[in-house]
Amino acid sequence: MALINYSSKEINCKIVYYGPGLGGKTTNIKHIYSKVNPENRGKLMSLDTELDRTLFFDFLPVDLGKVKGFSVHFHLYTVPGQVYYNASRRLILKGVDGIIFVADSQIERFEDNIESMENLIDNLREYNRKLEEIPLAIQYNKRDLPNIVSISELEEALNPRGVFSCEGVAVEGIGVFEPLKEVSKKVLRNLR
Amino acid sequence: MPNGKGASFEKEFQAIKECLEELCRETKAVTVLLIDKAGQLITSAGNVSSIDVPSFATLSAADFAATSNLADLIGEHDFSTLFHQGVHKSIYVSLIADRVILAVIFTKETTLGLVRIKVKKTAEKLSELFGKIFETLESEYAGTVDDEFISEAETEIDSLFE
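Chains as they are written, first to last, in our numbering: chain S, 1 to 192; chain R, 1001 to 1162.
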């Protein structure tokens, strides 16, 4: 749950990028880091391995500035996508306010997307939370590659509730901000 | 925010801050930080200018969470304290009221024993204060984030993430 600190007049919200390994979660967060005004962002912290894979998480604080006297901060996290890092994935989900699911559009990764979505639901259950109660958006990433699954098939497999989704090419910054905007707005609306 | 509730929260928050300042003074610690389990800073005492506070808070929470899993693996419920010893500075981390993390950064000017004793005392006081705060926290949400707030925030989000 987002933390409203009345004394320092701050609101902190935690948004987590979830999805299968090498799907582009870190690329999303790196693009955000490169595009957001330095005054509005903190340090991008990456705990990754030498093989370009996130071991624990990436973390990027983004400041929205003051809204009605309150400083609003979004803390963006990515989880490690690899199946065997489930313990750290679950830890990052603690206290999550919003989730952006980064799906890999490539045909050979289709099953991995489904497995990751199921894993997300299972991990939330550990905290007695349900995915449908948390603001969610889906990015179908890597749309520039030739061997990709159609959007309708991806929607059918991953988005039965019809939450916000968009096509993305995270390496070029396409479809990166849309899901983030959608989820951040929903997170704030949830505070009402 | 309803005035009465806001004021009571403010009072307890001030008491928490004083508790941390007292701990910082008595242990001659460099910095004392209070962090929630999701990795967000609640408040601090001492010198925070030399550290990257958001990163520190996030890593402390992750550190604690990872160690909880380690505890699980050997059949323990939790490790209530962690100690990281460095050449010049050390960190003593403690879980309070099962919900918040207290981190003390200290140098050789003090000793681990003293920090341990004082943190224990502070933990008791903080547990009591947090008990009261958690009771009122839910109702504090009401009213702060209204339609006007949402509309202003959404404009900010649009311009920030262009």
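Bear in mind the hints are in silico, worked out from the structure with no lab data behind them.
As the structure is a computational prediction, the values presented were derived from the model and not from experiment.
Virtual Cβ for every residue (Gly too), placed ideally from N, Cα, C.
Incorrect hints may appear among the rest.
With a cut-off of at most 30 Å between alpha-carbon atoms, the simulated DSBU-like pairs for lysine-lysine come out as follows [stated by the list, open to error]:
#: 1; chain 1: S; residue 1: 30; chain 2: S; residue 2: 181
#: 2; chain 1: R; residue 1: 1037; chain 2: S; residue 2: 181
#: 3; chain 1: S; residue 1: 181; chain 2: S; residue 2: 43
#: 4; chain 1: S; residue 1: 186; chain 2: R; residue 2: 1121
#: 5; chain 1: R; residue 1: 1132; chain 2: S; residue 2: 94
#: 6; chain 1: S; residue 1: 9; chain 2: S; residue 2: 181
#: 7; chain 1: S; residue 1: 68; chain 2: R; residue 2: 1017
#: 8; chain 1: S; residue 1: 30; chain 2: R; residue 2: 1037
#: 9; chain 1: S; residue 1: 94; chain 2: R; residue 2: 1037
#: 10; chain 1: S; residue 1: 9; chain 2: R; residue 2: 1108
#: 11; chain 1: S; residue 1: 66; chain 2: R; residue 2: 1121
Cβ-Cβ distance ranges computed for the label pairs, FRET-style [said to hold, decoys possible]:
#: 12; chain 1: S; residue 1: 153; chain 2: R; residue 2: 1015; range: 49 to 59 Å
#: 13; chain 1: R; residue 1: 1097; chain 2: S; residue 2: 115; range: 34 to 44 Å
#: 14; chain 1: R; residue 1: 1076; chain 2: S; residue 2: 126; range: 13 to 23 Å
#: 15; chain 1: S; residue 1: 189; chain 2: R; residue 2: 1117; range: 38 to 48 Å
#: 16; chain 1: S; residue 1: 146; chain 2: R; residue 2: 1086; range: 47 to 57 Å
So, going through the hints one by one against the coordinates:
1. Taken as a hint, the residue 30(S) and residue 181(S) pair is honoured in the structure, with Cα atoms around 16 Å apart against an allowance of 30 Å.
2. Among the hinted pairs, residue 1037(R) with residue 181(S) is consistent with the structure: their alpha-carbon atoms are about 25 Å apart, no more than 30 Å.
3. As the CA atoms of residue 181(S) and residue 43(S) are separated by approximately 20 Å, the hinted pair is consistent with the 30 Å bound.
4. For the hint linking residue 186(S) to residue 1121(R), the alpha-carbon distance of about 41 Å lies beyond 30 Å, and the restraint is violated.
5. The hinted pair formed by residue 1132(R) and residue 94(S) meets the criterion: a straight-line CA distance of about 23 Å does not exceed 30 Å.
6. About 23 Å separates the Cα atoms of residue 9(S) and residue 181(S), which keeps this hinted pair within 30 Å; it holds.
7. Distance hint between residue 68(S) and residue 1017(R) is fulfilled; the C-alpha atoms sit about 24 Å from each other, no more than 30 Å.
8. Between residue 30(S) and residue 1037(R) the alpha-carbon distance is near 25 Å, which keeps this suggested pair within the 30 Å criterion.
9. Restraint check for residue 94(S) and residue 1037(R): the C-alpha separation of about 8 Å stays at or below 30 Å, so the hint holds.
10. For the proposed pair residue 9(S) and residue 1108(R), the alpha carbon gap of about 35 Å is over 30 Å, so the pair is violated.
11. Our distance criterion of 30 Å between C-alpha atoms is broken by residue 66(S) and residue 1121(R), whose separation comes to about 37 Å.
12. For the pair residue 153(S) and residue 1015(R), the supplied restraint of 49 to 59 Å holds, since their beta-carbon distance comes to about 57 Å.
13. Between residue 1097(R) and residue 115(S) the Cβ separation comes to about 37 Å, which falls inside the hinted range of 34 to 44 Å.
14. Distance hint check: the CB atoms of residue 1076(R) and residue 126(S) are about 18 Å apart, consistent with the given range 13 to 23 Å.
15. Taking the beta carbon of each, residue 189(S) and residue 1117(R) are about 46 Å apart, inside 38 to 48 Å as hinted.
16. A beta carbon spacing of about 51 Å between residue 146(S) and residue 1086(R) agrees with the range 47 to 57 Å that was offered as a hint.
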